[in-house]
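Q: The whole structure should be built from the sequences, with the hints applied where relevant.
Each step along the sequence shown adds one to the number in numbering that gives the first Met the number 0, with nothing skipped, and position 16 is 15.
Be aware that one or more of the hints could be misleading.
Stated by the list, open to error - Capping the alpha-carbon separation at 25 angstroms, the derived lysine-lysine pairs in DSS-like fashion look like this:
hint: 1; residue 1: 70; residue 2: 110
hint: 2; residue 1: 110; residue 2: 80
hint: 3; residue 1: 70; residue 2: 80
No lab work stands behind these hints: they were computed from the structure.
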Amino acid sequence: MDDLQEHTKGQFSWRATLTQGGDEWEGLRGRVTAPHVVAEFVSSLGGDQETALQSTHFHLVGNGGMLAELKQGLLLAGVPKERVTTEVYHNYSAVADEGVVQSIADTLVGKPDSACKCCN
0 MDDLQEHTKG
10 QFSWRATLTQ
20 GGDEWEGLRG
30 RVTAPHVVAE
40 FVSSLGGDQE
50 TALQSTHFHL
60 VGNGGMLAEL
70 KQGLLLAGVP
80 KERVTTEVYH
90 NYSAVADEGV
100 VQSIADTLVG
110 KPDSACKCCN
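A: Structure (structure tokens):
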């Protein structure tokens with residue numbers, strides 16, 4: 000993935016995130032639907048946030064619950080639906096938690112969730 004990122008010169012990037020990494024893990028930690036993780040991801044897009052959300056293609060990979068929440072949050076934040084694709088590996092019929100969806104959307108458009116239990 001790093002080679003692809005380097006080869007595409009800014010046209011592709013990826014982030015590995017572990018919910019619970021060991022002490023040796025130096026990457027991003029936490030549920031990818033948590034506001035602090037969403038905020039970290041958004042800041043990595045660079046430039047104007049609104050433009051980045053409109054022009055970035057989001058390819059989400061993982062369990063159905065997480066993907067349902069992320070996809071709906073992205074759409075609610077104004078990301079065009081053709082710019083969000085998914086690969087679901089289990090929990091295919093999961094229903095998104097509307098509170099989580101709203102929190103994701105709010106964070107994406109610059110309204111962080113001050114009530115986030117994992118961040119406060």
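Q: Hint by hint, note whether the structure agrees.
A: A quick look at each hint next to the structure:
Of the supplied pair hints, the one linking residue 70 and residue 110 holds, its CA atoms being roughly 18 angstroms apart against a limit of 25 angstroms. Simply put, residue 110 and residue 80 have alpha-carbon atoms about 21 angstroms apart, close enough for the 25 angstroms limit, and the pair holds. Proximity of residue 70 to residue 80 is assessed by CA-CA distance (about 9 angstroms); at most 25 angstroms being required, the pair is judged to hold.
Going down the numbered hints, you'll see the structure goes against none, and every one checks out.
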